[in-house]
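Q: Taking the hints into account, I'd like the entire structure generated from these sequences.
Now for the letters of each chain:
There are 2 protein chains.
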Amino acid sequence: MHKMFALTSTDSGARRGELTTPHGRVQTPAFMNVATQGAIKGGLDARDLKTVGCQIALANTYHLHIRPGDELIRKLGGLHRFMAWDSPILTDSGGFQIFSLSGLRKITEEGVAFASHTDGRRIFMSPEDCIRIQANLGSDIAMALDECVGIPSEREYVKASCDRTFRWLVRCNEESQRQNNTDDAVNPGQALFGINQGATYPDLRIEHMKRIAELDLPGYAIGGLAVGETHAEMYDIIELVTEHMPSARPRYLMGVGTPSNIIEAVARGIDMLDCVMPARNGRHGHFFTWGGVMNLNNEKYAADDTPVEPTCDCPVCRAHSRAYIRHLLKAGEALAMRLAVTHNLWFYNSLMSRIRGAIESGSFAAFRREFSDRLSQRI
Amino acid sequence: MHKMFALTSTDSGARRGELTTPHGRVQTPAFMNVATQGAIKGGLDARDLKTVGCQIALANTYHLHIRPGDELIRKLGGLHRFMAWDSPILTDSGGFQIFSLSGLRKITEEGVAFASHTDGRRIFMSPEDCIRIQANLGSDIAMALDECVGIPSEREYVKASCDRTFRWLVRCNEESQRQNNTDDAVNPGQALFGINQGATYPDLRIEHMKRIAELDLPGYAIGGLAVGETHAEMYDIIELVTEHMPSARPRYLMGVGTPSNIIEAVARGIDMLDCVMPARNGRHGHFFTWGGVMNLNNEKYAADDTPVEPTCDCPVCRAHSRAYIRHLLKAGEALAMRLAVTHNLWFYNSLMSRIRGAIESGSFAAFRREFSDRLSQRI
Numbered sequence: 005m006h007k008m009f010a011l012t013s014t015d016s017g018a019r020r021g022e023l024t025t026p027h028g029r030v031q032t033p034a035f036m037n038v039a040t041q042g043a044i045k046g047g048l049d050a051r052d053l054k055t056v057g058c059q060i061a062l063a064n065t066y067h068l069h070i071r072p073g074d075e076l077i078r079k080l081g082g083l084h085r086f087m088a089w090d091s092p093i094l095t096d097s098g099g100f101q102i103f104s105l106s107g108l109r110k111i112t113e114e115g116v117a118f119a120s121h122t123d124g125r126r127i128f129m130s131p132e133d134c135i136r137i138q139a140n141l142g143s144d145i146a147m148a149l150d151e152c153v154g155i156p157s158e159r160e161y162v163k164a165s166c167d168r169t170f171r172w173l174v175r176c177n178e179e180s181q182r183q184n185n186t187d188d189a190v191n192p193g194q195a196l197f198g199i200n201q202g203a204t205y206p207d208l209r210i211e212h213m214k215r216i217a218e219l220d221l222p223g224y225a226i227g228g229l230a231v232g233e234t235h236a237e238m239y240d241i242i243e244l245v246t247e248h249m250p251s252a253r254p255r256y257l258m259g260v261g262t263p264s265n266i267i268e269a270v271a272r273g274i275d276m277l278d279c280v281m282p283a284r285n286g287r288h289g290h291f292f293t294w295g296g297v298m299n300l301n302n303e304k305y306a307a308d309d310t311p312v313e314p315t316c317d318c319p320v321c322r323a324h325s326r327a328y329i330r331h332l333l334k335a336g337e338a339l340a341m342r343l344a345v346t347h348n349l350w351f352y353n354s355l356m357s358r359i360r361g362a363i364e365s366g367s368f369a370a371f372r373r374e375f376s377d378r379l380s381q382r383i
Numbered sequence: 005m006h007k008m009f010a011l012t013s014t015d016s017g018a019r020r021g022e023l024t025t026p027h028g029r030v031q032t033p034a035f036m037n038v039a040t041q042g043a044i045k046g047g048l049d050a051r052d053l054k055t056v057g058c059q060i061a062l063a064n065t066y067h068l069h070i071r072p073g074d075e076l077i078r079k080l081g082g083l084h085r086f087m088a089w090d091s092p093i094l095t096d097s098g099g100f101q102i103f104s105l106s107g108l109r110k111i112t113e114e115g116v117a118f119a120s121h122t123d124g125r126r127i128f129m130s131p132e133d134c135i136r137i138q139a140n141l142g143s144d145i146a147m148a149l150d151e152c153v154g155i156p157s158e159r160e161y162v163k164a165s166c167d168r169t170f171r172w173l174v175r176c177n178e179e180s181q182r183q184n185n186t187d188d189a190v191n192p193g194q195a196l197f198g199i200n201q202g203a204t205y206p207d208l209r210i211e212h213m214k215r216i217a218e219l220d221l222p223g224y225a226i227g228g229l230a231v232g233e234t235h236a237e238m239y240d241i242i243e244l245v246t247e248h249m250p251s252a253r254p255r256y257l258m259g260v261g262t263p264s265n266i267i268e269a270v271a272r273g274i275d276m277l278d279c280v281m282p283a284r285n286g287r288h289g290h291f292f293t294w295g296g297v298m299n300l301n302n303e304k305y306a307a308d309d310t311p312v313e314p315t316c317d318c319p320v321c322r323a324h325s326r327a328y329i330r331h332l333l334k335a336g337e338a339l340a341m342r343l344a345v346t347h348n349l350w351f352y353n354s355l356m357s358r359i360r361g362a363i364e365s366g367s368f369a370a371f372r373r374e375f376s377d378r379l380s381q382r383i
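Protein chains in written order, with the numbering used here: chain H, 5 to 383; chain P, 5 to 383.
Since the hints were made in silico from the structure, they are not lab data. Every value quoted in this text rests on a predicted model; they were computed, and no experiment measured them. Treat the hints loosely; a few may be bogus.
It does not matter which identical chain is meant; a pair holds if it fits inside one copy or across any two.
[Stated by the list, open to error] Mimicking DSS-like on lysine-lysine, the simulated pairs with C-alpha atoms at most 25 Å apart in a straight line are:
1) Lys304 x Lys110
2) Lys79 x Lys304
3) Lys79 x Lys334
4) Lys334 x Lys110
5) Lys214 x Lys110
6) Lys304 x Lys214
7) Lys163 x Lys304
8) Lys110 x Lys7
9) Lys304 x Lys334
10) Lys110 x Lys163
11) Lys214 x Lys163
12) Lys214 x Lys7
13) Lys79 x Lys7
A: Dropping the structure here:
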């Protein structure tokens, strides 16, 4: 289980590797396509996920525990079968969602009590509960329960929180081993990743990373970023933390980001990322292209008969014009959202593919220079 | 153009035929899949339409005139190219929408003035305008502008309205011939169908049908039904009117209906139908099956691991369980709607295919006995 990751080459700080999971291999750096509730936003199903080049889907522990319930999903054979996706799945622990979506949360040493965002019902989740839920889902990678502190936060609070998140991680790790050793485990090869926290305090980030690295987990994530800090602050923290992440383990930067953020994170040694931007920006008519971000609501596309990106091989660019997509956006047709998410996920997965190719050929620095700024500009 | 329809066999009142259009042939009886604004509800695109077995799509003159504008679509090569659908398209005239969606309408001999349902802007549409718009769209079949009177309506009003709708049809026919003979017609083979009206007055329905039949148009429709009358009243009118429809011309029953309605209409000699039910009912979680209509919101499907219809070959039933679809409905995921519309359109198109097979093999009466009641029951 600990040998799930193989680093195959490095180039200008970027790492090229391969992740092996019970449901197949993932070439890294990889973008995880977000299926929070067991479905991709915009109406894509598991077959479409294959089409857009997704290697690994990300679902959410908090959401699936609340609805339809992890016990139900276990009864139905686990999340892979439930959502008809036979490739790797990572489940986020729900830490971030508990702190961003639910009300009335109360954190104690034992765990976190919160109100469901759907019906207000009180729920308690201990680190052990969090792992049991993910064991029921049967994802390939489970994330430890953490407290995702806001930025900015008081240093003393962050320090105490990091200490507690570390103690929770120890409990998650013990529960994960217990769950994998039960006779009827849905996915006995489930790996546990620990999550680094520490807000923007360099010493707390480093200290926390060193402590969790000692647990020798299958992988490590950097959490609590992209929550209000500047890009420069985020990059500084990634640089600080990756220095103390075990190089033989995959490094997952949670919830990041724009194409430029991804290139910059990869340049600092990140192997895995996830973000809701392909769907969220798609909903607003923003399409990612190799020339920058195209806003198809713009009047100038009203009679534009060309595809979003003429050189793109995605099903959207092969079939539909900017003018048609703009019409769908203006008319409020569900198809607009589906086309946007399809194209944007294809773009993100293609971006990762080109990043991997650049690392392999030793041209990542040139790739970064060419695209890092350009991809996030508005066109 | 007048020879677009070939009647190939009949059985127990039902007709089996073939419609030839500039964009291909349509086997009848046929269900037209509704793409009001140039897109199927639920996020299906033109490729998905092929997948669900659609032979002919239906778009709306009123909607496309208002947004994005028929002149724009003409500039972009016509509606087929705009929506990337290279098979037949029928455009509804907008008569029904003007009378159901828009406010402040005023009917004169010249045409109808109304307020756009999107921005309240005043629009005037004459019969000639209506045909010019459809010529710009370049559909294969254009529908004449009619007044769709409500049921019930005063006899005197209906009589005067039928007379005016007849005079409008004469003007539509003249304009249609002019448009098809222009040098730069988008689709010079566009056929015009006339629409029978007359509310529930048998003599007005018959008189109107006789008059429009004399124009020797490529096809005829029965309009103004499924707007408040009972099923028995609707079937009576269909029976009355079809008796006076030229048997060598296709007969289109507009806006109908449930699977049972369709079987009953076909039994009375109808060749073409359209309805928004596959999408509208799908949105509410209602799935059409050969055993009846299944409401997937029902608690009893929460842990049901079987497909909606185990014998169905549609992409939804081949991949997804009732439990997963129910979860998507409860979670408000766009995918629920897409799966519902995909399955329901597949079902409607399969229903027509089985109806055609039954007519060909002389077993339509038995088919009707077996399914007419069953298909609309709630299960």
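Q: It remains to establish, for every hint, whether it holds in the given structure.
A: Hint by hint, here is what the structure shows:
1. Lys304 x Lys110: Neither: 50 Å inside a copy, 35 Å across copies.
2. Lys79 x Lys304: between (52 Å within a copy, 15 Å between copies)
3. Lys79 x Lys334: between (43 Å within a copy, 19 Å between copies)
4. Lys334 x Lys110: This pair counts as neither: shortest intra-copy Cα distance 43 Å, inter-copy 28 Å.
5. Lys214 x Lys110: Neither: 28 Å inside a copy, 77 Å across copies.
6. Lys304 x Lys214: Cα proximity of lysine 304 and lysine 214: none, with 52 Å in one copy and 50 Å across.
7. Lys163 x Lys304: Answer is neither; intra-copy 51 Å and inter-copy 49 Å both fail.
8. Lys110 x Lys7: neither (37 Å within a copy, 76 Å between copies)
9. Lys304 x Lys334: within (14 Å within a copy, 39 Å between copies)
10. Lys110 x Lys163: within (18 Å within a copy, 72 Å between copies)
11. Lys214 x Lys163: within (14 Å within a copy, 88 Å between copies)
12. Lys214 x Lys7: within (20 Å within a copy, 82 Å between copies)
13. Lys79 x Lys7: Neither, since 30 Å and 59 Å both go past 25 Å.
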